[in-house]
Every structure is written in structure tokens, then in C-alpha cells.
Amino acid sequence: MSGKNILFSVLLLFVPVSIAAHILEWGELTVFITAGLAILPLAAWMGSATEELAVVVGPTLGGLLNATFGNATELIIAIVALNAGLVDVVKASITGSIIGNLLLVMGLSMLLGGLRYKEQEFQPVVARVNASLMNLAAIAILIPTAVDFTSSGISEATIQHLSIAIAIVLMAVYIMTLVFSMKTHVYLYDAGVAAAEPSEDDAEEAKSKLWVWVGVLLGATILVAVESELLVDALEVATSQLGLTALFTGVVLVPIIGNAAEHATAVTVAMKNKMDLSVSVALGSSLQIALFVAPVLVITGWMLGQPMDLNFNPFELVAVAVSVLIANSISSDGRSNWLEGTLLLAAYAVLGLAFYFHPVIDGIG
Amino acid sequence: MSGKNILFSVLLLFVPVSIAAHILEWGELTVFITAGLAILPLAAWMGSATEELAVVVGPTLGGLLNATFGNATELIIAIVALNAGLVDVVKASITGSIIGNLLLVMGLSMLLGGLRYKEQEFQPVVARVNASLMNLAAIAILIPTAVDFTSSGISEATIQHLSIAIAIVLMAVYIMTLVFSMKTHVYLYDAGVAAAEPSEDDAEEAKSKLWVWVGVLLGATILVAVESELLVDALEVATSQLGLTALFTGVVLVPIIGNAAEHATAVTVAMKNKMDLSVSVALGSSLQIALFVAPVLVITGWMLGQPMDLNFNPFELVAVAVSVLIANSISSDGRSNWLEGTLLLAAYAVLGLAFYFHPVIDGIG
Amino acid sequence: MSGKNILFSVLLLFVPVSIAAHILEWGELTVFITAGLAILPLAAWMGSATEELAVVVGPTLGGLLNATFGNATELIIAIVALNAGLVDVVKASITGSIIGNLLLVMGLSMLLGGLRYKEQEFQPVVARVNASLMNLAAIAILIPTAVDFTSSGISEATIQHLSIAIAIVLMAVYIMTLVFSMKTHVYLYDAGVAAAEPSEDDAEEAKSKLWVWVGVLLGATILVAVESELLVDALEVATSQLGLTALFTGVVLVPIIGNAAEHATAVTVAMKNKMDLSVSVALGSSLQIALFVAPVLVITGWMLGQPMDLNFNPFELVAVAVSVLIANSISSDGRSNWLEGTLLLAAYAVLGLAFYFHPVIDGIG
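Residue numbers (the UniProt record's numbering), protein chains in the order written: chain A, 1 to 365; chain B, 1 to 365; chain C, 1 to 365.
Check each hint, because a few of them may be wrong.
To be verified - Derived pair list, reagent style DSBU-like, types lysine-lysine, alpha-carbon separation capped at 30 Å:
#1 B:Lys183 to C:Lys118
#2 B:Lys183 to A:Lys183
#3 A:Lys118 to C:Lys183
#4 A:Lys183 to B:Lys272
#5 C:Lys183 to A:Lys272
#6 B:Lys209 to B:Lys118
#7 B:Lys183 to C:Lys272
#8 A:Lys183 to A:Lys209
#9 B:Lys207 to B:Lys183
In case anyone wonders, no lab produced these hints; they're calculated from the structure.
Quantities reported herein were computed from a predicted structural model and do not represent experimental measurements.
The following block holds chain A by itself, in its conformation from the complex (with noise of 0.2 Å):
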């Protein structure tokens, strides 16, 4: 612990350094590496600090809360992107989300917790109403790139109404799933709970802390949104300076960089065997991202006047298609090991290269 928590204060001073190199003009490609970094420990504290806001509200309020605050930076970066126009950007960092959700911080946990113990199990009926829940959602945001694939001509506003439509009963989705996992069904939730409930000393302490924890989530969440206005701003000089797409751009860095908070407290979480909380909150993210965060920013950029329609690159509904199934393939039967981890990771690298040769098309870039 001690070694994250050095690095992660090392990591604090690029906030500072971030907004010198803006106001001192250091150029856009340091301001967007420095912004970047500046975020990693933020979104990473907000993890921390959710982590410890579970201990107090239980797991399944606490997965919900850890996907809420890692998907605030998320829907940060996402809302200041769009509101600068980017929203090619924005609709591949969702994408990106998804991914590397499903396969990086998934990949990562069950490899990690996967070197420390042989077998690690979760919730297999969690994981199965989780894995239909992904199924319907990718569906859902891949219909509209689908529709206008397979037609010889379609009009924008088609595209846009369909994507408002399909926004709302997304939102519906969304609602009910709480009504099923927090009222009529909470039992299934916490069956998985017993094994990885702390004891009573942890939740004593974390009682006492609490409102510290509180501060914390607080202060990161502004100063990401802060850092998110830098990073946007210097975003297309310094990725085309880098010789990178929009679509890699998109797909690839803004995720790992909004994703920081999942990635520390699903990894954190599975090499203390706390699998079920985890995957929670790989796939609670994965699917929030898909239910609640593109439902939002599709409304937020209609009202914003910066339209965005759920109209993805192609390759970008093979590439989460792809994911959803093998993360399905892996997570449905409440079991995992390193090699499944690896297998996860190697996906997430399959698809990273593709993203990467992938030439530019469309209004992308």
C-alpha cells in the first residue's frame, strides 16, 4: 500500500506542473502528458476512497459507487470533450470504455488475483444477469452504426432520433436493473458478500475515516474536471504531434487514462481474493458506461447543440461485440484464473494493434 500511496503522491505534482505548462505555454504535447498523469492519481485517490466508502455501505452499494466515481472522470472528460466539439472523440472513448473495461481492468484483476490464488469464484448468477445486461446493452448502442451500415442511404436526423429513442429505453434498462438489484432481488447480490466481508475491526476503522474518504472524492472529482478542460484543449494538437488517430486517440488512451479509478480498486480488490467486488466493478462499469453514460452524453450533446448519435465506427461494433462475447465467455461461470485473465489482456492487445493500423474514416479525426 505504501509504495502506491508514494507514487501516487509523486504523481499529484503533474497537477500544478499541468496547469504551469498550460499557462506558461510549455506546449500542447506536455500539457496533454502532464494533464494526463495529473488525472491518473486523482481518479486513482477517487478509487481509494470508494473502496473505503464500501467497506461502510456494503458491496453492492459500494461496486455502484465505485463505477459512479470512476465513470465521473469518464463523464467529465466525456461532457468537456463534447462541449469543444469533439465528438468523434467522445463516442470512441465509449467504445474504449467498454473495452477496456471488459478486457483491461478485467484482464488485469483476474491475472493479478489469478498468481495469488489457483481459483477465485464470484457470484455465477450476478455474472449471468451481468452478462445478459452487456448483451442487451451492447446491442442497444450498436443498432444505430448497424442500421446505417446495412442501408444504402439514411438521413443524420433518422440516425439522431433513433439514437434519442434507443437512449431512453436504455435509461429504463438502467432503472429497473437498480429496482432489481437494490429492492426485489438484493438477496442474490449479497449472497456473494459473506466470504469477502471485512471484519469488524476494518469497518470500524473505515467508519471513523469516513468523512475524510468523503473530502477526498470531493477534491478529485473538481480537480479532474479541471484537468480534463487542459487535456481536451491540447488533445488534437498533441495526439497528431504523436503520429496517433483520433480513433486510437479515442479509443485507447482517453479510457485508460479516464479508467485509472477501476483499474486501481479492481485489481486492489482481486489480489485480496475479493472477486466478487472485482468484477463488479469491471462489468458495473462496462455497463453503466453503456447504460447511464452514453444515454446521458447522447441528451447532453443534443442540448449542448453538438449533436451526437450513437453511430459508431464499424470496426468499433465488431471490437466491443468481440469483447462482450469473450468477456461473457469467461465471466459466466463464476470462476477464474490467470489464464483467463491472460486471455482477456490478450484481446485487449489484439484489438489495441488493430485500432492502431486501423487508417482513419469517416468524419473520425
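Fit chains B and C to the supplied structure of chain A, relying on the hints for placement.
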């Protein structure tokens, strides 16, 4: 029950009304709506009759009986439409029926059943065999579309030959499935019955009314044919007056009318916690459409000189693939709850919206 | 057994016959057919030798041994063809081998095994790990095709670089898989063995013949190379005389010849109810082609100056995807019956028909 019966009796009034509308030329739209409404109670009566007969003959044969007579409505409408040259509507109604049974019928059953019972169970082995059958069926009927979509130019005759060859494979699989479920592996299908088995009194009562229900079945079947003629004759003019594309009509409207029997039966038995029968009706009906109705129509169309191939709109391919995916992911564990029902309905809503907004392409419409 | 042996002995006569046909110039078609027939018993003897050796070294290593020497036939034919510049045939034979092992070999095993035993079981955990590996492999080798298909223009060099990068990821995964199955999680693979373990007498007998079988293995391997040269030289002229496209030849004919060893082994052990070994041969062979043979060929082709990428015909992508889907759906529960075997064979028939009717496109042919 009596409320349902009253509703159905009232709807039966549309049988004479629709015939009057046709003869007195009250307009195509009036004929279309009244004939559609007239088919609903007829199909529903067929469903009730079938459910009663199923009590006597046992759930397995009963499930088959249900699927056959539910699809009789479908098959009658399709053959009438095929004869009238509406090949694209017939093809759309095949995919629509598969989607409708998997998502709408099974979704409503799981939702309404799940509101009464926290968790409902059904035979997982049968569910898995059905899932594999459904995968095969979806693959088979969609391969011609994939061949067309991935080749730069293919003759109509080649697609027709490929479709007939596949139709023969599907029929052979269908016969094998009957041998499996009724001869070599009967015990798998019986295992789920014990819980759902009716009391001896029910069985006695049902037996005494056996011939009444057989009569209802035959009468309803004949009237459905009559009404199908009216429906099909009015279809093109009526739907264009409503501003709907032929694709939407074929995929959404026609199957809802044609599958009313499955709806009534599957939902009713789900609410009585006979989930084995309910799932068997919904999945069985989809299977029978893919493995039996579609091949019959390919061969019938060929004989009627209205060559019907299995080359669908590529978006229909996407829609069937995702429907099978999510239906299998939800049904393969042999358990259901209201949220899973909601997910199926949400998937149906998303696809319905997509078909509504999908611009007309190819020969469709 | 003796019937099989007599058949194989007779087929061995085609070894001298094919060589004579080549030297005496009896025509390309004659050479192609006789060389193909000569490879069948050679590959089958390799299979028999491997099965005997497997008894000595144990099922896990035995399964690996089977897959290696089955794929040796495949690999030899492929390298000879690659050297002759038949890149498209080699690529088609990779997808064809994956499809053939998953559907034809596993289908025949489950069907013929299932006719003798009502239900057959195998290790579900191993089946699930294999299913996830198969998903990853399918994704990886098909991603370059998806990149090409979804971009408006991509250079051959980019596809080549992407293919080599992916080949390296796949080889790394392959090594990890060996570490997993032979070192960290051996117990998973051993668990299924108890039931299939041969009696001590069999093992004694096998040991005494160990060197005989090693000799058979080496002799057959050399002859396969010789015959492969004849087969490949005659391939183009012969198949065009038969009216077959190069795509059909590569996807259907070459893999059937190349996979004869897997057929013989997998079916024979399935009929002895050693289903763990049977599934391990069929799935393992597909995995090894995707994770080992394909990457080796990409790198070999690059070194031979016959650049081979992983950019397939889009319909091959569809065919591999659906094969993996249905094979996983059938194998992941660790049970099989004759209907499931029939379904796999029906899927193979449907795909075979589609490849037969698919018009020649791109560089293929």
C-alpha cells in the same frame, strides 16, 4: 379467465365486421385493421384449445401441438401472401416471427411470470439443446444473405439453389429433433414435467371436453384462412396509408397478429408457473418457424412460381443474430426472473425502433 | 479394427501409384486424386501411432501429441503450397481446418459416440477454457479481415504488419496455454482422465510397441511430405477440371485430406466413450491451427517471400464465427448426445453448401 374470455368473444365480432368491410368496400385500411383484430381471438382460441389438449396429451407433445397451431396461423398468412406475390413481406415475417417469439413472447412470459414468482425454473438441458438448435437454425437461414453480402455479384438462381439445399438440410434436422425428443431422449423432456403436471381432476375435466376443443381448433383454423385473405389483400394499400414500410409491417405487425396464440398460451402458463411449457412454446415456436415453416415456404414458393429464397435484408441478419444471442444467454441456465423478461422486451423495443426508422432498401417495399 | 487396417493397407498402395502417375504423366487430376488418397492412410497411421503413444504418455500429453501430428500433415501441405505461391489456398485451408475440426470431426465423434452411449461426458472446466481460447483465436485471426472490410482503403503493408503483430500475440498465448495445462493447472486436465484410463495390460502392451509406433510416425511423416508436393503441384489444374473454385478446394477438400488423422482418432476414441480425449483432439486441433499453425505460416510466408497475411474472404470470417459459436454452445456444458453431433454436421453441411455456391472473389482463385 372470464375477463379474457369476454374480450375474445367481443373481438370475434370482427370476423363478420371484416367480411362486411371487404364486401361493402369500407376501405383497405378498415379491412386490414378489422381482419387483423379478427385473427387475434381466432389465434387465441386456437391457443386455449391447444392448452387444454396439451393437458391430455402431456407437456412435450403439448408444446409441439402449441407450436404447430400457433404457427398454423403464421403459415396460413404466409402462404396466402406468397400466392399474392408479397415475397418480401413473407421473408420479413419469418425473421419477425423468430424475433417476436424469442423476445416479445418469452420476454412477456418471464416478466409477468416473474412478477408473481421471484425465480422460475425450467429444464436447463432442454434449454441448452434448444439454444444449440436455435443457433443452427439462425445460421442456416442467414447464410444465403451472408453469401450475397460478401460476394460482389451472385445470380438469383444460385441463391435460389443454395436456399433449396439449405431448406432440405433444415427439414432433415427437424425430423432428427422429433426423433430425439419423442423417441431416444424422451426422459429429458419428461423430467421437467413433474412439477408442472396438472392434478388428475384437471386431466379428467380436460378429457371430457376433448372433442369440444378439437372442434374449436378446426373452426378457428378455417376462419383464420378466410381472414388471412382479407388481411393480405388490404396489406399494401393499408400500410402505406399508415406511413409504414413493408419491412416494418412484415417484421413487426404481421408476426404480432400471427403469434397471438403463442402470446396467450406462453404468458398464461408462465403466470401459472408452468415455465417449462411456456419456454417450450416460445422457443419451440421460433425453432419450428426456422426449421419447418421457412423451408416449407421456400419449397412452396418455388412450386407456386413465386420463387422465395433465404436472402434477407442484412439488417434482418443482424436482428436475428442478436435476438438469438440474447435469448440464449438468458434462457440457457434454466432460470428466469422479471429483469430478464424486461431485458428481452427492451431488446425487442430497440429492434422495433430500428426497423421503424430503417429506410426501405433492396426489393423490400 | 482389422477392417479399418485392411482399408488403410489398401489405400497405402496409392503411395506408389501417385508417384507413378506423376512420373508417367497420367494427368493432373489422376495425380491429385491418388496423392490425396495416399495421404489419407498416412495421416491415419500417424493417428493410430499417436493414439498408442498417448496411452503411454497419458491423455493430456497424448491430446497434444495427437493435435501436433494431425496438424503436421496440415502444416506440411500448407508450407509446400505456400512455397508454390498458393497463398489463398493456404489461407482458405486454415479457416477450413478450424471449421472442419469443430464441426465435422467433433460432429462425427458426438454422433457416432452418441449412437452407442445415450449421454457422454467430458470435463466442463476444460471445455470452457477451450471455448474461451477458441473465441480469442477466432477473434485474433479474423480482426485483420474486419479492419480491411470496415476501412475504405488500407495498404497491403499495413495488413501485413498487423498480421505479424497478431501472430506474435497468438504465439505468446499458445505458450501460456501450455504452461497452464502442463504446469500450473495440470489437475484440471487430469480430473477427466480417471474414467478414460486404460487398463495396465493395455499400457504394458503399448509400451512394448513404443518404438514400432515411433517408427511408423516418422515414416508416415516423410511420405506425407512427398505426397504433399504431388498434391499441391496438381491442385490448380485438377480442381478447375472438377469445376471447383480454389475457395472450395481450400476450405473443404484440403482440410478433409489434412485432418484425416484427427477424424480417425477422435471418432475411434469417442466410440470407446473416451470423450475427454475425443473433444481434446477436435478442439485442441482447431486451437493449435489458430494459435500455432496460422502464426507459423504468417512468419514462414514472410521469410519465403510469399507474404501471407490474416486477411481472409469476409465469408470465411462469417463461417469461422458461426462455427466457433455453435461448437462452443454445444461443448461448453461438458455433455454430448447424438443430436448435438447431428447439429454440428448439419452446420458443416450448410457451410459446405455455401462455399460450394459462393462465387469466386478477390484474389481467391
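Now the hints, each set against the structure:
1. B:Lys183 to C:Lys118: Since the Cα atoms of Lys183 of chain B and Lys118 of chain C sit roughly 12 Å apart, the hinted pair holds (cutoff 30 Å).
2. B:Lys183 to A:Lys183: violated (45 Å)
3. A:Lys118 to C:Lys183: holds (12 Å)
4. A:Lys183 to B:Lys272: holds (24 Å)
5. C:Lys183 to A:Lys272: With a Cα-Cα distance of about 24 Å, the restraint between Lys183 of chain C and Lys272 of chain A holds, given a limit of 30 Å.
6. B:Lys209 to B:Lys118: Judged against 30 Å, a Cα distance of about 34 Å means the pair is violated.
7. B:Lys183 to C:Lys272: Status holds; Cα separation ~24 Å.
8. A:Lys183 to A:Lys209: At roughly 28 Å apart (the allowed maximum being 30 Å), Lys209 of chain A and Lys183 of chain A satisfy the hint.
9. B:Lys207 to B:Lys183: holds (25 Å)
Checked against the numbered hints given earlier, the structure breaks hints 2, 6 and satisfies all the rest.
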